[in-house]
Amino acid sequence: MKTELTITTDPIDEAALAKRRVMDNGMGAVVCFLGVVRGNEGNETIAAIEYEAFEPMARRQFEFLFDALGQRWPVEAVRVVHRIGTVPVNEPSLWVEVIAPHRAEAFDACQFLIDEMKQKVPIWKKPIPI
Amino acid sequence: MVSSEQMTITVKFWSYFRDYAGCPEAAIEIDNGATLAKFHEIVCDQFPKLADAKNSTLKAVGLEYEDDGFVLSDGDEVSFFPPVQGG
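Protein sequence lines correspond, in order, to chains Z and C. Residues 1 to 130 (the working numbering) make up the first sequence, in order. Residues 1 to 87 (the working numbering) make up the second sequence, in order.
By construction, these hints were calculated from the structure, which means they are not laboratory data. Don't take each hint at face value.
Unchecked claim - Derived SDA-like pairs: lysine to any residue, alpha-carbon spacing no greater than 20 Å straight-line: (1) Lys118/Z - Ser56/C; (2) Lys125/Z - Gly87/C; (3) Lys120/Z - Tyr65/C; (4) Lys12/C - Arg60/Z; (5) Lys118/Z - Ala21/C; (6) Lys54/C - Gly75/C; (7) Lys126/Z - Lys12/C; (8) Lys118/Z - Glu66/C; (9) Lys125/Z - Lys12/C; (10) Lys126/Z - Leu50/C; (11) Lys118/Z - Leu58/C; (12) Lys59/C - Phe64/Z; (13) Lys118/Z - Thr57/C; (14) Lys120/Z - Leu63/C; (15) Lys120/Z - Cys23/C; (16) Lys126/Z - Ala21/C; (17) Lys120/Z - Glu64/C; (18) Lys125/Z - Tyr20/C; (19) Lys125/Z - Cys23/C; (20) Lys120/Z - Asn55/C; (21) Lys125/Z - Pro83/C; (22) Lys118/Z - Lys59/C; (23) Lys59/C - Arg59/Z; (24) Lys59/C - Pro56/Z; (25) Lys54/C - Ala21/C; (26) Lys120/Z - Asp67/C; (27) Lys125/Z - Lys59/C; (28) Lys54/C - Leu17/Z; (29) Lys59/C - Glu63/Z; (30) Lys120/Z - Phe47/C.
Build the full structure now, drawing on both the sequences and the hints.
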């Protein structure tokens, strides 16, 4: 399984990521998920979220998740981009792409990766009030 | 000077635990053979605000999560942090 992880302060460029997509002709499903910063956190209106990562550990934990995912589903490729630093409201902080032969495994694997990430990968957020 | 019965462990604090501790990291001396649980107790004694979040603290040694029973070695780098919130 091919994997690609990017942790960056740069804005997530969906078009550029889509352009670089490579898939075998046996693959029939591409699931892309985009996590976007909401304009409120609890009852508070916010301008942005500041993300902080313990990056070496985050990379290690993502490797474990990619391994677990590859053992459960026949996925060809996974790409993850997590933006850190200040991410303004309405802008994406997370982009995930899973390529698999069929949609069921692509959806399931994508959901698994995000659920597990939210439990294991050391990234934290701090709301920035308006 | 650290006696031969003691070892030095570096602890790093992440997210708002850094504010609770008032510093990003500290070097702490502890008896040889101490577990991660014992080390956590000593750190909470030294940085009392961290004790309030003791039950929800996630603990790593190096780049991996470890249980309370993990036996530390001299020079280990421990990280304490609150529940993660990526995405």
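Against the structure, the hints:
| no. | hint | result |
| --- | --- | --- |
| 1 | Lys118/Z - Ser56/C | holds, 15 Å |
| 2 | Lys125/Z - Gly87/C | holds, 9 Å |
| 3 | Lys120/Z - Tyr65/C | holds, 9 Å |
| 4 | Lys12/C - Arg60/Z | holds, 17 Å |
| 5 | Lys118/Z - Ala21/C | violated, 24 Å |
| 6 | Lys54/C - Gly75/C | violated, 23 Å |
| 7 | Lys126/Z - Lys12/C | holds, 18 Å |
| 8 | Lys118/Z - Glu66/C | holds, 18 Å |
| 9 | Lys125/Z - Lys12/C | holds, 18 Å |
| 10 | Lys126/Z - Leu50/C | holds, 18 Å |
| 11 | Lys118/Z - Leu58/C | holds, 13 Å |
| 12 | Lys59/C - Phe64/Z | holds, 17 Å |
| 13 | Lys118/Z - Thr57/C | holds, 15 Å |
| 14 | Lys120/Z - Leu63/C | holds, 11 Å |
| 15 | Lys120/Z - Cys23/C | violated, 24 Å |
| 16 | Lys126/Z - Ala21/C | holds, 17 Å |
| 17 | Lys120/Z - Glu64/C | holds, 10 Å |
| 18 | Lys125/Z - Tyr20/C | holds, 16 Å |
| 19 | Lys125/Z - Cys23/C | holds, 19 Å |
| 20 | Lys120/Z - Asn55/C | holds, 17 Å |
| 21 | Lys125/Z - Pro83/C | holds, 11 Å |
| 22 | Lys118/Z - Lys59/C | holds, 16 Å |
| 23 | Lys59/C - Arg59/Z | holds, 17 Å |
| 24 | Lys59/C - Pro56/Z | holds, 15 Å |
| 25 | Lys54/C - Ala21/C | holds, 13 Å |
| 26 | Lys120/Z - Asp67/C | holds, 14 Å |
| 27 | Lys125/Z - Lys59/C | holds, 18 Å |
| 28 | Lys54/C - Leu17/Z | violated, 41 Å |
| 29 | Lys59/C - Glu63/Z | holds, 19 Å |
| 30 | Lys120/Z - Phe47/C | violated, 25 Å |
The structure fails hints 5, 6, 15, 28 and 30 (numbered hints given earlier, in ascending order).
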